[in-house]
Amino acid sequence: MDALQDQFAIRVRDLVVGFGRQTVLDHLSLDVRRGEILGLVGASGGGKSVLMRTIIGLIPRRSGTIEVMGQPTGGHGRGAATIWGILFQQGALFSSLTVRQNVQFPLRENLVLSQELMDEIAIAKLEMVGLRAQDADKYPSELSGGMTKRVALARALALDPPILFLDEPTSGLDPIAAGDFDALIKTLQKTLGLTVFMVTHDLASLTTVCDRVAALADGKIVAIGPMRELLQSEHPWVRAYFHGKRSQMLQHEMR
Amino acid sequence: MNHEPLLLATPSGDVLNLRPEGPWTAANVVTLETLSRSVGADVDRSRAVTLDMSGVSALDTLGAWVLEKLSRRAASSGRSAEFVGVADHFTGLLDEVRQVNRHTPAPAAAPNPVLARLGDLGKSTVGAREDITIFLQMLGALFMAIIGVLRRPRSLRLTSLVYQLYRIGWQAIPIVALITFLIGAIIAQQGFFHFRRFGAESYTVDMVGILVLRELGVLIVAIMVAGRSGSAYTAELGSMKMREEIDALSTMGLDPVDVLILPRVAALVIALPILTFIGSIAALYGGGLVAQFYGDMGPAIYIARLHEAISVTHFEVGILKAPFMALVIGIVACSEGLRVKGSAESLGRQTTTSVVKSIFLVIVLDGLFAVFFASIGM
Chain A
1 MDALQDQFAI RVRDLVVGFG RQTVLDHLSL DVRRGEILGL VGASGGGKSV
51 LMRTIIGLIP RRSGTIEVMG QPTGGHGRGA ATIWGILFQQ GALFSSLTVR
101 QNVQFPLREN LVLSQELMDE IAIAKLEMVG LRAQDADKYP SELSGGMTKR
151 VALARALALD PPILFLDEPT SGLDPIAAGD FDALIKTLQK TLGLTVFMVT
201 HDLASLTTVC DRVAALADGK IVAIGPMREL LQSEHPWVRA YFHGKRSQML
251 QHEMR
Chain B
256 MNHEPLLLAT PSGDVLNLRP EGPWTAANVV TLETLSRSVG ADVDRSRAVT
306 LDMSGVSALD TLGAWVLEKL SRRAASSGRS AEFVGVADHF TGLLDEVRQV
356 NRHTPAPAAA PNPVLARLGD LGKSTVGARE DITIFLQMLG ALFMAIIGVL
406 RRPRSLRLTS LVYQLYRIGW QAIPIVALIT FLIGAIIAQQ GFFHFRRFGA
456 ESYTVDMVGI LVLRELGVLI VAIMVAGRSG SAYTAELGSM KMREEIDALS
506 TMGLDPVDVL ILPRVAALVI ALPILTFIGS IAALYGGGLV AQFYGDMGPA
556 IYIARLHEAI SVTHFEVGIL KAPFMALVIG IVACSEGLRV KGSAESLGRQ
606 TTTSVVKSIF LVIVLDGLFA VFFASIGM
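Chains as they are written, first to last, in this note's numbering: chain A, 1 to 255; chain B, 256 to 633.
The set of hints was computed from the structure by calculation and includes no laboratory data. Be aware that a few hints might be false.
Interface residues of chain B toward chain A, partial, derived using beta-carbon atoms under 7 Å [stated by the list, open to error]:
no., residue
1, Val285
2, Ala313
3, Asp315
4, Thr316
5, Gly347
6, Asn356
7, Val524
8, Pro528
9, Leu593
10, Gly597
11, Glu600
DSS-like mimics (lysine-lysine), calculated; alpha carbons at most 30 Å apart, straight line [to be verified]:
no., chain 1, residue 1, chain 2, residue 2
12, A, Lys138, B, Lys324
13, A, Lys190, A, Lys245
14, B, Lys612, B, Lys596
15, A, Lys138, B, Lys378
16, B, Lys612, A, Lys138
The beta-carbon is built from N, C-alpha and C at its ideal position, and this holds for glycine as well.
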């Protein structure tokens with residue numbers, strides 16, 4: 001049992017989530033191994049974000065169990081920021097705080113440390129995600145899309161959480177910025193030993209950074225494994241996703 | 256295994272050996288800061304520093320940074336500092352941390368306080384001028400929109416106008432009636448209480464009638480509408496601005512003033528006199544109830560006194576002010592909504608500004624009207 005707990009960062013068993021009469025996730029099970037980057041793909045509106053938001057406790061579940069780092073979820077409350085960092089699709093930076101204060105926010109709320117050290121840590125995080133110290137006093141409304149994502153990543157990583165959730169991290173970025181961002185996530189994942197759970201549609205990110213890819217269709221995980229295996233999957237939706245015209249074109253280009 | 260982080264300092268000759276042990280992670284930050292401060296003086300005294308990392312059981316960015324800071328402190332005065340025995344999985348992190356905080360931007364020089372004050376004064380003067388310009392621009396744009404509608408009556412957004420009337424007129428009736436009813440009752444009670452001392456109770460009815468019809472009815476209703484509907488307008492238009500909906504309208508060749516602002520302001524101009532009327536009646540009714548139960552004055556006498564005390568002129572003075580107040584509220588609310596920038600904070604600020612400014616202008620306008628009506632003898 002301990003070995004299992006060490007092996008998996010997130011274990012989802014028989015998860016059912018629905019709104020009203022509609023069932024979005026139907027007895028879904030998923031394991032995320034420690035130290036891997038797992039990409040989650042699925043149709044738009046198919047429940048990818050719902051799954052992520054259920055794991056982090058934003059959406060109530062009807063039944064099933066979710067274990068994060070060996071602990072059943074629900075009881076994290078205040079300390080949640082030390083367990084996971086979350087990068088929301090639009091960044092979700094606090095608009096009334098500067099970039100520096102945004103990154104310091106989780107530190108300030110969870111730890112007792114001197115202002116000097118807090119400033120240094122905030123700048124360190126910002127530089128680790130590829131921003132400069134000069135950007136620290138800007139407000140979120142003054143940032144470009146790519147910078148917003150980087151600041152949000154710095155904030156998500158402020159407390160060095162072992163798990164990082166990314167909701168469409170490269171959406172809205174140009175291919176160069178998206179590529180840089182992927183590389184950044186890979187580097188940080190290696191340096192900090194993170195487990196990364198990534199919801200994405202970006203085939204390039206799936207192929208370049210994800211160790212495994214899970215495909216969500218009809219409320220279930222229909223295929224999971226390295227990208228190579230998924231490309232060979234026989235499931236009709238997975239085939240359509242990876243062998244559709246757009247995907248073929250991209251994969252062809254990549255070869 | 257030790258669960259508290261430690262930092263062992265052993266000087267050997269000129270070299271100081273630092274041996275951090277245990278978990279150097281953010282959770283133990285208080286201990287880490289104390290530890291690193293306690294060896295600071297030793298580090299300054301020694302010629303060279305080695306950091307033996309073999310005892311560290313866990314390390315995160317914060318811990319790595321505290322150690323890196325110690326090594327930088329040693330290295331800053333030309334002495335040598337090195338990490339030894341670094342476990343493989345910590346190398347990446349230490350290397351990363353070594354890159355950061357190298358370029359601290361010079362802090363901005365504190366401005367001269369007198370100059371800063373003068374600067375603020377100048378800015379607010381320019382800001383006030385800008386406010387007036389924006390108000391006049393919006394007034395002009397509305398005027399042009401009205402001319403457009405008069406030329407082509409079909410271009411009026413009737414659905415939107417009716418919907419706004421429903422929201423800010425019909426739905427506001429209960430709360431407006433309740434508040435003005437209470438205000439009327441309170442004024443009447445105060446009148447009876449204080450006038451009784453010199454036997455002038457019957458004049459309470461004059462006071463309630465004139466005060467409510469000329470001033471209080473319209474003022475209270477205008478202030479309530481500014482708070483209730485003006486803020487809603489600002490927030491609506493502001494969030495539409497934030498989500499680029501207004502830009503989308505413009506690119507489709509539609510004027511936001513025609514589509515969004517004219518129906519809203521027109522609805523206010525139509526609804527406010529009606530609400531004022533309803534409010535005034537509710538206040539007089541409240542006064543009448545107090546007269547019966549508190550002032551021992553039956554309804555028949557109250558109405559008869561009211562009939563003597565007030566004239567159509569009083570009613571006209573009150574109701575004539577309402578459309579102008581509505582115009583001011585509408586213009587302020589809409590132009591503040593359009594001034595919202597990208598952030599949620601700006602939306603909140605603009606909504607506050609809208610309510611404060613429109614209530615202020617309503618009261619100023621009321622004062623101007625008082626002077627005006629006095630001079631024409633109404």
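Outcome of the hint check:
no., hint, result
1, Val285, "holds (6 Å)"
2, Ala313, "violated (10 Å)"
3, Asp315, "holds (4 Å)"
4, Thr316, "holds (5 Å)"
5, Gly347, "holds (4 Å)"
6, Asn356, "holds (5 Å)"
7, Val524, "violated (34 Å)"
8, Pro528, "violated (39 Å)"
9, Leu593, "violated (16 Å)"
10, Gly597, "holds (4 Å)"
11, Glu600, "holds (4 Å)"
12, Lys138/A with Lys324/B, "holds (26 Å)"
13, Lys190/A with Lys245/A, "violated (34 Å)"
14, Lys612/B with Lys596/B, "holds (18 Å)"
15, Lys138/A with Lys378/B, "holds (21 Å)"
16, Lys612/B with Lys138/A, "holds (29 Å)"
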